[in-house]
Structure formats: C-alpha cells, structure tokens
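Chains as they are written, first to last, in this note's numbering: chain A, 1 to 302; chain B, 303 to 607; chain C, 608 to 863.
Accuracy of the hints is not assured; some may be wrong.
Straight-line Cα separation of at most 25 angstroms, PhoX-like style, residue types lysine-lysine; simulated pairs [unchecked claim]:
#, chain 1, residue 1, chain 2, residue 2
1, B, K538, A, K192
2, A, K185, B, K323
3, B, K538, B, K324
4, C, K737, C, K753
5, A, K185, B, K324
Honestly, the hints are just simulated from the structure, not real lab data.
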Amino acid sequence: MVGWIYLCGVSSIIFVFSIFFFVFREGAPFLRDRFDFKEFFFSPEWYPNSDLNKRYGALALILGTASVTLFAMLIAVPFGLGAAIFISEFCAGKFKEALKITIEILAAIPSVVWGFIGLMVMSPLIIWATGAPVGLNVLNGGIVVALMSLPVIVSISEDALKAVPDTFREAALALGATRWQVIYKVLLPAAKNGLLAAALLGVGRAVGETMAVYMTTGHSVNIPFDSRFPLFHPLQSVRTLTATIAAELGEAPHLHPDPSGNYPPEAHHYQVLFVIGILLFAITFAINLTADLVVKGIRRKG
Amino acid sequence: MSQEPAMKDGNPFGETDLIRKKMRAEAAARLLFGAMAVLMVIPLLSILLYLFYKGWPILSWQFIADVPRHNMKEGGIWPAILGTIYLIFFSLCASAPIGVLAGIYLNEFARDNWFNRAVNLAVLNLAGVPSIVYALFGVGAFVLAFGFGRSILAASLTLGIMNLPVTIAATKEALSAVPRSFREACWNMGATPWQTIRTIVLPNSLSGILTGVILSVCRAAGETAPILFTGAVFFKPIEGKGLFAYGLFDQCMALSYHLLTVSTQLQGVPEALLYGTALVLICIVLVFNSVAVSIRVYLRSHQRW
Amino acid sequence: MIRAHPANKIEIAGLTVSYGGKTVLQDLDLEVRRNEILAIIGPANSGKTTLLKCINRTIEFIPGARVRGSIKIDGEEVHQIRDVFRLRRRIGMVFPLPVGLPMTVHDNVAYAPRLMGIRGRTELEAIVEKCLRQAALWDEVKDRLKTLGTKLSGGQQQRLTIARALSHRPEILCLDEFSIAVDPVTTMRIEDVLLELKSEMTIILVTNLVQQARRLGDRTAFLNNGNLVEVDRNEVVFSDQPANRLTYEYVQGVFG
C-alpha cells in the first residue's frame, strides 16, 4: 500500500511532464518546419486556412487574451478584494457562512453555462445599453470572466487575511483604531503578498478560461484598438488564444508526414494550435510559479 | 502625533470631531465593502432565477428522458445526460484513487526536500493549466499516442487528470485537519506510519476527502473544453438501449457539449429548449455541490475532538 | 542476549542531539537501573522531552533532528534495531498534553493490543479493564466505555493516555510532566500507581515539579541546557550538599 502511495505522489510530476511532452510532441513539427518567431509574436495575420498565403501570426490572439484578461481583472480584483475584506473582517456567523457558500456556487457554475448566459442574456443587454452593433465583445467576455475568476480571488485573499494573526488586529484595536484603520494600516500591508498572489491566480484563471470566452467574445481575429481608447476598445469583438484552439482544432486536418518525414503545408494548422497550447502552458506555469514564490515570500519573512 | 481637540464638557469619552470623522470613515468602509460583496451575490442570484424562469416551462420527465428529435429542435436530452454520467463515473475512477493516494503521500510521507517541493509545485501547476490545454494533452496522449481514438475512455481520462489537483488539495486539507498529536500517540504505541494512517488519520478525514471528490465530480460534469476533441459528439442515437447504451470506446453526447452546440451551432432551436438544457446542467452541478456543502456542515457540527 | 551490566535497563552514552544546527542535548551519559524510578528534573528547554523521544526513536519523525551517540536497552543498541515498532511497544510513553484518540475509550486502550495481533474479545476486555484500573480511571469510565476518548475531561484523558501506554505491557514507562493537566488528587492517585508499577517495570519520570521527583524517585537526574549536571540517589540530590552547586540552587528554587 505504501508503495502505491509513493507512486501516486510522484505521479503528479509525471503528469505535468507528460502534459508538456504530448502537447509539445504534436506541436514540434511546426516549430521545426514553419515557426517564425517574428511572425508568431508580432504579426496580426492569422490566415491558417488560406490556400496560397498561409499566415500564423498570433499577435491578435495574444492581444485578444490580454484585453479580456485586463478588462476582467479591472472588475474582479477590486471587487474580489473588497468582498474578501468584507467577509473576513466585517461579518461573522451565519451571514459569513452564507456568503462563502454563494461564492462556492459561483465557482461551481460551469464555464459553458457562463458562456450561454453571455450569449443569451448579456449580449442583448450590451446592445441595448451601448448601441453597439454586436453584443459579443471584450466587454461581454470581460464581465463573464470577471465573475468566473471572482471566487478564486475572494477565497485566496480571504485566506491571506485570515493568515494575519489576530494579535495584530487586537493590538491595533486596543490602541483605539477603527476597523477601517486596522484594515488599511495593518491588514493590507501584512497580507500584501497573499493578496498579490490572489490577483495573480485570478489572472491565470482568466488567461486559461476557454468556453465562456469562446462563446462571448465574438470570434473575430482582431486587435481591439481604437484611437479613442488608450488600451483597447471594449465594444470590439476579439478572439483569444484559448478560443482559437477550441474553435479550430475540430476543423484542422490531422495529417501524417510523407515517407521522408515532411509534412504538407496543410498540416501546420493543426500543429500551430498545439504551439498555442505550449504558449498557454508556459504562461500559466509562470503565473502559478510567481504566485507560489510570492506567497512563500511572506512565510520566509514571517 | 496630532493633537486631540479639546474634550467637550470635560467628558473624556465625549464625541470629538476626530472621533466623528473616524466613525464616518468606518461606516463608509463597511458600506463599500458590503456593497462589493453583495454585488457579487446579485448577478449570481439573478442568473439562477432567470435560468429557472426561462427553463422551467419545458422541464418535464419527457424532456429529461427523451432523445433529441428533428435536428435537436424537439425532444429531450437523455443521451446527453447519460453521456455526462458516464464521463463523471469513469473520470472519477481515474482521479479519485490517484488523487487521494497522492494527497496522502504529500501530507503524511513527504519530507521537506527538493523533490517533494517539486511534487508540490507540479500539483500547483496542474491546477493552473487551462482546461483547453488538457484537451490538447488528451488529444495528443489518449486519442493519438495511446490509440483510444475519440472515446469515452479518452475523454474520461482527460477529465480525470484535470481533476487530480482538486482531489489532491482536498485530501491534503482533510488530512492536515487531523491533529499531529493523534499521530504521535499512535507512533508511541508502535504503530507503523501506514497503520497510523489507516486506523486514525483516514477514518477521521474521510468525509473531508469525500467532499473534495464530490466537488471534482461537479467539475467533471460541467467542463466542456477537455471533452471537445477527446470524446464528445454532436449526436448519437441511443434510443431504446437503456442504461448501458454507450461502450467505453464509443463517443458520447454530453450535457455541457450539447448546450454548446445547440446554442452556438444550430439555428432555430427553441429558446425554452436551450434554457432547459442549461437548467438541467446547473441543477446537476448544484445538487453535487450542495451534497458536498452539507457533508461539510454536518462535519463541523459533529466534531469528534 | 548479552547483558554487560544486568542491573542497567538503559545505558546512554555520548548522546548529542541537534535540531537544524542547534544543539539541545550535549554528550549525555546516563544509566537507568532495572525497576527503579528515575526522575529527571530541569528547567524548560533543557532537553528532557528530546531525551525521551530518542529512547523510543520517535525523534526520527522530527525533520532536521540529528542524533549521535549510543542508547542501549538491555544491552541492545537502539539505533540498530530493525523492528523499531516492536521497540516502541516495549516502551510506554506519556506526554504532557492529554491525547484521547477519536475512538471509544475501550478502543483507545485496545488499540495497541490490536496492533500486536490480539483479537479475542474477552482477552481485549481483560486488558482494557486492567490498564484502566492501573491508571486509576476504571471507576469513572466503566459504565461508558463506548464514549469517545476525546469527550473525556482533561484529567481523564491524561489517565487514558497512561492506560494506553500500559496497554502494550511495556518494560519501560516514560512519563513527561504527566501531571500538568491533572488535578492534585488524581496526581496523587497516579503517583501511588507508579510506585506499585515499579516492581514490574522501569520508570523514567520527567517532571518540573521538584517535590514530585523527591517523592517518587529512587534517583534523580538534573538536566540544564542540554547538559547532565548531576545524577545521584535522591538522598544526595535533595540534600544540602549535592555534588553540584547548580543542583542545589535549582532544587531550592533559586532559579528555574
């Protein structure tokens, strides 16, 4: 039995490596034959289906992910933090329990249902409210993703606040500080790293979100820039990295190489989607690693 | 230090301007944060209510137990429900044993060295990998390399590995809630580490582990991306085949995937049918969720120490 | 079995223990004689608990602990014993804070016998009754053997811990400040029990109550800061002229 336990403990490392290995294996021919760093990262031209002039520029997709993530975080981080502070510092007992269960339910709603709500409910609402021609855009995706990443942000921020010893609070209260003063003079500085980690994990969630974004952002390979908006235009449709995989993997033909090991140009479409997968894997890995290091940082010092 | 304004009427506890200002800031903060928390609850409630309102009329035994007809525009969703059940069951078979044992390893056996830090980091990373990357992994590993093809087996294994970190985290948490003093008492009586786990630690953390396993079921039921290219199919006729309609190497319909296709890829599907499908999916997830929550509430009220 | 000094149950030589570079026991030499009560006194952090953990090798569960030196039980080197679990069953351990395991009182005491493979119901019941009687707990719990061990009062749980320590019929009984969570009357009752048990086993009693050491011990060892200051017969240690001035001051309450 103990042997099995060791084996399973080690298995998670095996799985991480095998995820990377199998995704990499499918994407490798593209990296070898076709990959062009400059094109992939700096060209907005994504024409994988063109007969004559196939282009694999992922810039628009990267910016699509960035815009949705940024928009979602603009909503989710302040609200998540506020909610976490409220739950951990201002309420107690049954009410607190009820709020926590609500957050859990929020976390449990499947991604595809969120997408469905964005599609059926939010989209008409956005058209009605802003007069935009389409309701599937950065705004829609951003709000949905914000709602989806809230539970992560709230629960991890709350943990971070809970980790601040009660003696800190008591000491400050004993000096005559109000709860609000305790929060912004004592708690926020003390829980800083944990809160940062919460925001980071929220970003990770938003970057990786697939189905809801696929259904709500409107499927157009587009850089959502506009002279009037310094960063991005919330009412433009975009396509994210994740949505691209979800949308195109089903259509892209999975072709085998000819006897000399070369792939026909049509095979690259399928492979480039795995390269996008590697990119996503790398991004989320970096985010999680950073969040972990940030949290460990507190523990070292504390 | 700022000078406190003079006390009114010599009462040291009387209200000064400073105190009034402090109290106003306090009330404002409470209101602001409360509003933020409530603003999170409102969309959730309104969404749930709206789904119920729109989907309720079509909910009937007929809707649940019938197969889709007329190109999904009529009939029910039974094959999708059954497919989801299959996926839940087989993914659980993959994730629960490995996840629980890995959790036991990390909490009970792993010493603090570089290797186990790497294992912990791996679990953390598994939890953060986007579901669509799991889908790619499923395609690359199970569908292609292992030759399972697009099948329930490939989809379940993909879902199972995606659920591992959830199970591992829940197991670790449940195990670490058992005080160390219990373990020490057993060690002092000559129990081996495994005997200690089997007789003391596991019996007292089982319900916590169960909660985690149920929550992973929740996730398996709702996820779409990982099954998209590994086993879910648009339509599969299973009429009249009973409960064992799908084989392990068949593709299957699934509720989440069904909702995706009827709402994005088909024209002219009646709205009620869409909302009905979403409602059934939500209900399945919420039922599992409330079971998990009630186990936890029960646990807290029946603390054994 | 070769017994170099049949009179000695435990022989400790050159024992040095450190936790992550910080030394808690320094080059300790100590003998425990068969069927005696050896009291160990000393201020906090003097390494008393660590010493006990070395004897039954539960020190191995503490990350970063390094142990050097030799501990022999019946002439057998502890660190070379393969079946460490059998070794631990030869030693009963009672630590300061009472720990009732989250199972019934009966199962608490029957736990170790079951591990040893005793399955017969009547046999188990006999062991449970005997051990609970020895721990002066039987009269209080005989009608509720089915309640959870964790639901007993602190003092009862401590006696339950003692009953558990006796349940695997140890040759050595180590008690670490057992009376912290117990009221004075119960403490006296347990002390009487210990004096009776002396004929069956060797007892090491770690205590920070100097008077308890004086009442119960045949010999007393004084540990300070990881060093063994003095070990001798009680008449000497508690006299006006112990070998070491420090011992005198501690016993008289000048420091500690």
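Status of each hint after checking the structure:
1. B:K538 x A:K192: violated, 52 angstroms
2. A:K185 x B:K323: holds, 17 angstroms
3. B:K538 x B:K324: Measuring from Cα to Cα gives roughly 66 angstroms; hence the hint is violated.
4. C:K737 x C:K753: holds, 17 angstroms
5. A:K185 x B:K324: holds, 14 angstroms
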